[in-house]
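Using the hints, position chain B against chain A.
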Amino acid sequence: MTHTMVKTILYAVAAAGGISFVGAATAQQKEVVIGEQCDRTGPTQIVGVNLCPAIRDYVNLVNSKGGIEGYKIKLDELDNEYKVPAAVEAYERHKAEGAVSIMIYGTPQTQALTQKLNEDKIPGTSPGFGTAAAANGSRYPYLFPIAATYWSQGAAAVQFVKEKLGGNLAGKKIAYLYYDNPAGHEPIVILEDLQKSEKFELKTFAVPPPGVEMGAQVLDIAQRFRPDFVIAHLFGRSPSVAMKELKRAGYPLSKVVGMVWASAEPDIEAAGGWAVAEGYHTIQFAGVGDDYPVRKEIVAMYKAEGKEPPKEMANTVYYNRGLLIGAVHVEAIRNAIKAKGGAQPTGEDVKKGFEAINDVTLGGLVPPMHLSAADHEGGGWVQVFQVKGGKFVKETDWFRAYPDVLARELKAAE
Amino acid sequence: MLHRESGVFKTSYGADMAVFPLPIAKGAMAALTVLFVAVVPIAFSEYHLSILNLILIAVVGALGLNILVGYTGQISIGHGALMSVGAYTAANLITRLHAPFWLALPAGGAMAAVIGAIIGIPSLRIKGLYLAIATLAGQLIIEWVINHVPWISGGVQASIEVPRPTVFGVPLRSQAQLYLFLLFFTALAIAATINLMRSRIGRAFIAIRDQDIAAEIIGIDIFRYKLWAFAISSFYAGVTGVLYTYYLGIANYEQFQIGVSIDYLAMIIIGGLGSVLGSILGATFVTLLPIATRWGLEAAGGVFFSVADLANIIPNLRLIMFGGLIIVFLAVEPEGLNRLWRNILSYFRVWPFSY
Chain A
1 MTHTMVKTIL YAVAAAGGIS FVGAATAQQK EVVIGEQCDR TGPTQIVGVN
51 LCPAIRDYVN LVNSKGGIEG YKIKLDELDN EYKVPAAVEA YERHKAEGAV
101 SIMIYGTPQT QALTQKLNED KIPGTSPGFG TAAAANGSRY PYLFPIAATY
151 WSQGAAAVQF VKEKLGGNLA GKKIAYLYYD NPAGHEPIVI LEDLQKSEKF
201 ELKTFAVPPP GVEMGAQVLD IAQRFRPDFV IAHLFGRSPS VAMKELKRAG
251 YPLSKVVGMV WASAEPDIEA AGGWAVAEGY HTIQFAGVGD DYPVRKEIVA
301 MYKAEGKEPP KEMANTVYYN RGLLIGAVHV EAIRNAIKAK GGAQPTGEDV
351 KKGFEAINDV TLGGLVPPMH LSAADHEGGG WVQVFQVKGG KFVKETDWFR
401 AYPDVLAREL KAAE
Chain B
1001 MLHRESGVFK TSYGADMAVF PLPIAKGAMA ALTVLFVAVV PIAFSEYHLS
1051 ILNLILIAVV GALGLNILVG YTGQISIGHG ALMSVGAYTA ANLITRLHAP
1101 FWLALPAGGA MAAVIGAIIG IPSLRIKGLY LAIATLAGQL IIEWVINHVP
1151 WISGGVQASI EVPRPTVFGV PLRSQAQLYL FLLFFTALAI AATINLMRSR
1201 IGRAFIAIRD QDIAAEIIGI DIFRYKLWAF AISSFYAGVT GVLYTYYLGI
1251 ANYEQFQIGV SIDYLAMIII GGLGSVLGSI LGATFVTLLP IATRWGLEAA
1301 GGVFFSVADL ANIIPNLRLI MFGGLIIVFL AVEPEGLNRL WRNILSYFRV
1351 WPFSY
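Protein chains in written order, with our numbering: chain A, 1 to 414; chain B, 1001 to 1355.
The following block holds chain A by itself, in its conformation from the complex:
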């Protein structure tokens, strides 16, 4: 290497050193900070690119209406690429910015941050992922699933199947097709518990990561086991593969119910379109579709600014989940500010705010959840939607299944 090259590099290093971290200017207005983690570039980006803009839209909507009790919300979004070190760094930055609540993103990231949340007394949410045991507020005081955990989803799936099969599962066969990772394993304990009381035959079929190869499992299901119903708990690209393969093996998709991460518009489209997936049932923890007042308000907000509503709104499953997350955080902060008589809330206050959440329905988009110091899940409500004629059609109202079984398993997990 020549000396001129060394010189060039030295200049480059000096220039790079000049770029330093520019902190956020302290605003004159009263504001609360929400830390938001997202994955727009990692393995779950299909969720993140639709869910995170929704959170921002909801926060903008609240701010455009004057904020929460006079406080503007500052949303600090950082991409964690579904990586743990990145999530830790992002969390520390949220903390340094003074965040009073954290929207965590991803199961391993939730695990990694659980202890920090307790130590720093900042509440964090893990809607639809994380550990089911986190529903127990006395064991995880600062972690809030705020949506049906995998246990509640598993119980709800069984209840749904029971109704579909005429109210009695005795002697029926249910196949559980799942992604072979900890999250995929999680509902098995509930299914096995219910198998005893409901007397159905359960067989599990694991799909190894990355979950795009399941021809053997599907053939096994369709031609050997021949179940009365299939419960699919898959992530990423694998739900689409499952739909395609089941279709090819001649198994009717009207006898398949997918859990919450196997249930969005992109999954249907990647499976070959709505016609292919006709009949497929999906479990949802937030309302699906366009027919909610809050979505109309967001469209109106964009129109008022002279802009088109964002294209992400078309993915109603993930977009509406983003709205749910935003709404629950805003409500918790509102409760906290009210409880303090308008004073600046701390993380501890917002935790109590979360625990006071009761019926934030958002016109039916959010389930009638009721959080308390003991129950951080809010009941474990879900709805089932079916693919019918090119869209998701609501099949059931909000319901929760087997609360006694879930309570027993939660107790056992303590």
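Treat the hints with care, as some may be off.
[What the hints assert, rightly or not] Output of the computed footprint for chain B on chain A, the stretches with three or more beta carbons under 8 Å from beta carbons of chain B:
hint, segment
1, 43-55
2, 75-81
3, 87-96
4, 114-125
5, 181-189
Just so you know, the hints here were simulated from the structure itself, not pulled from any lab data. From the three backbone atoms N, C-alpha and C, an ideal C-beta is built for every residue, glycine too.
Just chain B now, with coordinates in the frame of chain A:
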């Protein structure tokens, strides 16, 4: 180190092998110690310390992998899984037997060393890409076992929560406390690696890397030393896993999947194969670069884009810049950051009278 003598004056092997080649090196070491032990934890904010902590943990892992890949010339794509072996060993010891950190750390390392040596057995017959695939199999097998054996992984969600490490009765909670804890072990790892490479074992590793048949002819037991390389390297990986477990308060194998193995390989390749300083620079570079590019983009991006657009642009542009900068650095100096640093030093050795 920062300083260089003005020429080559060494007259004995002893002088050539010295850790501190010049008296001033001891002074520099003392100054660095004061800087890292006394100044940094006070001067840095919690947030910046948390980044530094991630770097410290990565340095230990990169050093370990460099012993295997850089010094011994073997390859492993299974180091991520070996970290999880250390993590789960320590987590089980901590939760079941209430083991203190001074027991859990070496135990985690030792278990990883044993498993790593087993994974290394194929290296006795195969090399290069073939060995890479064999170690990849090791990664997948370890992941599968942890995922499916609740006795190891603690059952639901395959994760075990551990309490914070306690030193003299004080639980380490704040980033500054954890920083000092991690710094101690990282410094230990650096010193151990430097000295390992000055020893008979280290020279045997290098001989095997340069030409294994020649090494065998001059009397090095290849069988033994290749397994030693795997074991020592895996020990570092195991300790990295334990440090992660203590830092995060949880052992979870999803943090140690195949992508992590690749990240660590990237660290040592960017930093410089077969050098201690290269491991440190590489670990720092790979950990810090995504964060630093985001700072830069946040500072500059607000001028051109709206906040909502920026939220989408930054993560994507950051990935592009990350990849681009790695290519740039490797194109400028294929031997990595360590060589780049040495070139800068030798430029200044005769500066300003370079002609």
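Hint-by-hint comparison with the structure:
no.	hint	verdict
1	43-55	holds (count 3)
2	75-81	holds (count 4)
3	87-96	holds (count 6)
4	114-125	holds (count 4)
5	181-189	holds (count 6)
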